[in-house]
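*Asks:* Going down the list, the protein sequences come from chains R and W.
All residue numbers for the first sequence refer to this note's numbering, where the first residue is 1 and numbers rise by one.
All residue numbers for the second sequence refer to this note's numbering, where the first residue is 325 and numbers rise by one.
It is possible that some hints are incorrect.
The list that follows gives simulated cross-link-like pairs (lysine-lysine, DSS-like), each with its CA atoms no further than 27 Å apart [as the list claims (entries may be wrong)]: (1) Lys549(W) / Lys224(R); (2) Lys323(R) / Lys351(W); (3) Lys126(R) / Lys549(W); (4) Lys283(R) / Lys558(W); (5) Lys141(R) / Lys351(W); (6) Lys326(W) / Lys549(W).
Note that these hints are calculated values from the structure, not bench results.
Take a look at the letters that make up each chain.
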Amino acid sequence: MSEKIYVLIDHGEGEIRTPSLESLALGQRMAEEAGFSLHALILGNEIGPLAERLGKQKVDSVLLVEDQKLANYDPDVYCRALSEILTEDQPYLFLMGHIYQNIDLAPKLAAAINRGLVTDCIGYRKEGDDFVFVRQMFRNKLNADVQFRSEHPWIVTLQTGATSVDDLKEGSGQVVERSLDLSAVELRRKQLEAFEATQGKVDLSQAELIVAVGRGIKKAENLKIIEELAEALGAEIAASRPVVDSEWLTRDRQIGSSGQTVSPRLYLACGISGAIQHIVGMKNAQCIVAINTDPNAPIFNIATYGIVGDLFEIVPALTKKLKE
Amino acid sequence: MKLLTCLKQIPDRDTRYEINAAGTGIKTSDLTFEISECDEYSLEESLKLREEHGGEVAILTLGPQRAEKSIRKGLAMGADRAILVRDDEGKVTTPHAVAKVLAEVLKEEEYDLILTGTQSDDWSYAQTGVLLAELLGLPHATIVMEIRADPAQKKVKALREMESGWFQWVELPMPAVLTIQAGISQIRYASLKGIMQAKKKEIRNVELSDLNVDLSSIPEIEVLKVYFPVVEKKAEILQGSTAEVVEQLVEKLKKEAKVL
Ligand SMILES: Cc1cc2nc3c(=O)[nH]c(=O)nc-3n(C[C@H](O)[C@H](O)[C@H](O)COP(=O)(O)OP(=O)(O)OC[C@H]3O[C@@H](n4cnc5c(N)ncnc54)[C@H](O)[C@@H]3O)c2cc1C
Ligand SMILES: Nc1ncnc2c1ncn2[C@@H]1O[C@H](COP(=O)(O)O)[C@@H](O)[C@H]1O
């Protein structure tokens, strides 16, 4: 019997979430290379149509687990359900997206079944019979190749955007219903109200030109040179998260996974290192310029033009040049 | 309220990393170190909770002796005491093993809330807090941006940050583990008085070998290689003096990229 790869499918508001489809695409590739079978695993309540849709992808089967208790994500219930399935089925690999919900869940699962977990992977390599996984460390500045030395299932979470849903192959897989007895699981975490942060005054999604500032600016008083540059360009000001966390600028100017997503003509990043959570919010800018003292800053990997230098020199000089 | 904050010491933020001889980590010999960002926020939050409800704030660190410096800073900010589990040789490498060691120490401790960072700034596993909760059999909430504790009812409300601008309040029975997100509050500076007082506060050193943990039962994960990412599309780096690069940039933005 061949080994199995399981992929957890997350969903919300009746839709399969994109990171799960990315995981599925990666799972397809790995299964094909290794000659393993691939199975999509979906938990929820009244989600038959989603399972049917998954069955149209290239998978060997879709495991559907429905229970009222699974209607909304709860760490205790989800962990119990997954623990049972993984312990019984013993897949080789369990793939899931590195999304907030799984950041909450995956380590709990790993501890519950005492299995290894590698988080936030950006890819893998096949070395002989083994898979080696690649993940980022040190604020995305370094990559690490890591290998499980533990028993299966290996649990892996995949960074958003690490693979493309365009690679997803269609096929036909049978939906297999699975029932679990979750009645004894006690829900310790009570879910209270959820809300969307009131949309701020500043909507940067339509901005054509953006000057973005990161922790390299060092303190609030220094923002003046950024304001002057933005004014000379007629651009909006945006920021990375630490600038907002320090309350140097308001939250509605934050770009990234927990901020706004923008696609301006020009994104001028000053003193921003280029962490993945920032990049997801601005990578679609037409032209990206990075000013950073560190030649190894990851922002240079996605920028069109780079200046390795001190923003306190470059920015005022640029403002002056633009005013000429 | 008894508050326990896990604090990790990491290489300074603006460090230029160099790969070590074995190729499996970074050289740490010439580095300076600081408290991991989320942990500084989580310590601040503990201090606020103590100000509101009374009680005690303890720091728990696993690391080498040099971590004492970061712990002192935490004590100067206002924590009452600290425990340092000494791992001078860096034996504990996986988050699962870290959590196992921390859990072992915590067996002897009393606490209402354990706070950890969401993610460390060096290894960036985003695992330790949740692993710890499960190993201790405690409920948890991750990526927390606000805390409202009710010690009398033994309950805590935590505001979880979620994707694309959503937030959710959850309620947990205490004791519980919360993983704290950067920006939860504004970090205080240590006062001169705090720095003086910190010198007298206790840092209890615990040797790894004195703890009854069997790390061989922990799933092992090996770091084969650490390296600078190889990228296909790299920025065109402009060369020259400040005046020259600025001139080139404006020219290119106008004529080549045509965005100005
Ligand atoms: C769940 C989660 C969600 C997150 N969401 C977001 C988000 O939405 N948006 C976001 O931005 N981040 C987010 N983050 C944080 C993210 O991981 C990074 O920590 C953050 O983006 C780093 O910001 P930065 O680049 O400004 O700071 P740093 O990483 O500290 O980089 C500062 C840069 O400035 C450079 N520099 C220093 N001095 C100078 C100088 N004089 N001149 C030029 N350059 C200089 C340095 O070389 C460095 O590259 C999130 C993190 C988590 C865990
Ligand atoms: N060696 C350690 N000592 C104390 N706390 C730690 C240690 N490693 C991780 N933590 C805590 O766990 C959080 C998440 O770390 P990580 O799982 O490595 O991303 C950190 O922000 C710390 O609060």
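*Asks:* Any hints this thing doesn't respect? Which numbers, in order?
*Replies:* 1, 2 and 6
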